[in-house]
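Participant: Just so we're aligned: 79 in our numbering is position 79 of the sequence shown, and the numbers increase by one with no gaps anywhere.
Calculated from the structure, these hints are not laboratory results.
Every value quoted in this text rests on a predicted model; they were computed, and no experiment measured them.
Treat the hints with care, since some could be wrong.
Here are the simulated lysine-lysine pairs, BS3-like style, with alpha carbons at most 27 Å apart [unchecked claim]:
hint, residue 1, residue 2
1, Lys31, Lys54
2, Lys31, Lys18
3, Lys107, Lys18
4, Lys18, Lys54
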Amino acid sequence: MALPLTLPVMPQLARPAKALPTGDKWTYEPKWDGFRCIAFVDGGRAELQSRNGKSLTRYFPELQFPPGRYVVDGEIVVFDDRGRQDFDALGQRVHPAASRIEMLAEKTPARYVAFDLLA
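Could you put the whole structure together from the sequences, leaning on the hints where they help?
Facilitator: This is how it looks when you write it as C-alpha coordinates:
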(Lines of atoms letter the chains of each structure in order from A; the text may use other names.)
(Lines give C-alpha, C1' and ligand atoms only; values in the text may rest on other atoms or scores of the structure.)
Protein backbone atom coordinates (compact mmCIF):
# COMPACT_ATOMS: atom_id res chain seq x y z
CA MET A 1 0.00 0.00 0.00
CA ALA A 2 1.32 3.41 -0.94
CA LEU A 3 -0.38 5.67 1.60
CA PRO A 4 0.80 8.88 3.30
CA LEU A 5 1.00 6.96 6.60
CA THR A 6 2.64 3.56 6.94
CA LEU A 7 2.17 0.75 9.42
CA PRO A 8 2.38 0.85 12.35
CA VAL A 9 0.59 4.01 13.49
CA MET A 10 -0.15 4.31 17.19
CA PRO A 11 -3.57 5.81 17.99
CA GLN A 12 -4.21 8.67 20.37
CA LEU A 13 -5.64 7.09 23.50
CA ALA A 14 -7.87 8.59 26.16
CA ARG A 15 -6.16 9.38 29.42
CA PRO A 16 -7.54 9.97 32.91
CA ALA A 17 -8.28 13.47 34.16
CA LYS A 18 -9.36 14.74 37.57
CA ALA A 19 -12.25 16.64 35.98
CA LEU A 20 -13.78 16.97 32.53
CA PRO A 21 -12.97 20.19 30.70
CA THR A 22 -15.95 22.48 30.23
CA GLY A 23 -16.85 25.24 27.83
CA ASP A 24 -18.30 25.77 24.37
CA LYS A 25 -15.20 24.48 22.58
CA TRP A 26 -15.36 20.97 24.07
CA THR A 27 -17.32 18.02 22.72
CA TYR A 28 -17.40 14.42 23.85
CA GLU A 29 -17.94 11.07 22.20
CA PRO A 30 -19.13 7.76 23.68
CA LYS A 31 -16.72 5.12 24.94
CA TRP A 32 -17.02 2.11 22.63
CA ASP A 33 -16.40 -1.33 24.12
CA GLY A 34 -14.35 -2.89 21.35
CA PHE A 35 -10.91 -3.20 19.77
CA ARG A 36 -9.18 0.04 18.80
CA CYS A 37 -8.22 -0.27 15.14
CA ILE A 38 -6.54 1.83 12.48
CA ALA A 39 -7.71 0.89 8.98
CA PHE A 40 -5.31 1.44 6.07
CA VAL A 41 -7.53 1.41 2.97
CA ASP A 42 -6.17 1.26 -0.57
CA GLY A 43 -8.76 0.62 -3.27
CA GLY A 44 -10.78 -2.42 -2.30
CA ARG A 45 -8.24 -3.67 0.25
CA ALA A 46 -7.96 -2.79 3.95
CA GLU A 47 -5.24 -3.64 6.46
CA LEU A 48 -6.50 -3.50 10.05
CA GLN A 49 -4.01 -2.67 12.79
CA SER A 50 -4.60 -2.95 16.56
CA ARG A 51 -3.63 -0.21 19.01
CA ASN A 52 -0.45 -2.23 19.67
CA GLY A 53 0.52 -2.46 16.00
CA LYS A 54 -0.65 -6.07 15.44
CA SER A 55 -2.66 -7.09 12.38
CA LEU A 56 -6.39 -7.73 12.95
CA THR A 57 -7.23 -8.16 9.26
CA ARG A 58 -7.73 -11.94 9.18
CA TYR A 59 -10.14 -11.91 12.14
CA PHE A 60 -12.70 -9.58 10.57
CA PRO A 61 -13.21 -10.59 6.91
CA GLU A 62 -16.72 -9.09 6.87
CA LEU A 63 -15.53 -5.52 7.45
CA GLN A 64 -15.69 -3.48 4.26
CA PHE A 65 -14.69 0.12 3.65
CA PRO A 66 -15.64 2.61 0.93
CA PRO A 67 -13.15 2.54 -1.95
CA GLY A 68 -10.33 5.05 -1.93
CA ARG A 69 -6.91 5.59 -0.40
CA TYR A 70 -7.07 6.69 3.22
CA VAL A 71 -6.22 5.86 6.83
CA VAL A 72 -8.96 5.98 9.45
CA ASP A 73 -8.87 5.50 13.24
CA GLY A 74 -11.79 3.76 14.92
CA GLU A 75 -13.10 0.85 16.96
CA ILE A 76 -14.24 -2.64 15.98
CA VAL A 77 -17.39 -3.59 17.91
CA VAL A 78 -19.95 -6.41 17.99
CA PHE A 79 -23.59 -5.84 18.94
CA ASP A 80 -25.94 -8.39 20.50
CA ASP A 81 -29.48 -9.04 19.24
CA ARG A 82 -30.77 -6.09 21.32
CA GLY A 83 -28.25 -3.65 19.85
CA ARG A 84 -25.96 -3.54 22.88
CA GLN A 85 -22.20 -3.83 22.60
CA ASP A 86 -20.96 -7.35 23.34
CA PHE A 87 -17.25 -7.39 24.20
CA ASP A 88 -17.30 -11.12 25.03
CA ALA A 89 -18.59 -11.96 21.54
CA LEU A 90 -15.94 -9.66 20.06
CA GLY A 91 -13.20 -11.43 22.03
CA GLN A 92 -14.25 -14.79 20.58
CA ARG A 93 -13.51 -13.44 17.10
CA VAL A 94 -9.73 -13.57 17.64
CA HIS A 95 -9.22 -17.27 16.95
CA PRO A 96 -6.56 -19.24 15.05
CA ALA A 97 -9.00 -21.41 13.04
CA ALA A 98 -10.08 -19.86 9.73
CA SER A 99 -13.30 -21.93 9.73
CA ARG A 100 -14.30 -20.50 13.13
CA ILE A 101 -13.47 -16.95 12.00
CA GLU A 102 -15.74 -17.37 8.94
CA MET A 103 -18.56 -18.87 11.03
CA LEU A 104 -18.41 -16.08 13.64
CA ALA A 105 -18.16 -13.38 10.95
CA GLU A 106 -21.57 -14.57 9.79
CA LYS A 107 -23.08 -15.31 13.24
CA THR A 108 -21.77 -12.23 15.11
CA PRO A 109 -20.63 -9.72 12.48
CA ALA A 110 -18.38 -6.90 13.61
CA ARG A 111 -18.89 -3.23 12.79
CA TYR A 112 -16.31 -0.49 12.41
CA VAL A 113 -16.99 2.80 14.19
CA ALA A 114 -14.79 5.50 12.64
CA PHE A 115 -13.39 8.29 14.86
CA ASP A 116 -10.87 10.23 12.80
CA LEU A 117 -9.68 10.38 9.22
CA LEU A 118 -5.88 10.41 9.58
CA ALA A 119 -4.82 10.58 5.92
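Participant: Each hint needs a verdict: does it hold in this structure or not?
Facilitator: Structure-based check of each hint:
{"no.": "1", "hint": "Lys31 - Lys54", "in the structure": "holds, 22 Å"}
{"no.": "2", "hint": "Lys31 - Lys18", "in the structure": "holds, 18 Å"}
{"no.": "3", "hint": "Lys107 - Lys18", "in the structure": "violated, 41 Å"}
{"no.": "4", "hint": "Lys18 - Lys54", "in the structure": "violated, 32 Å"}
Hints 3, 4 from the list above are not met by this structure, while the remaining hints are.
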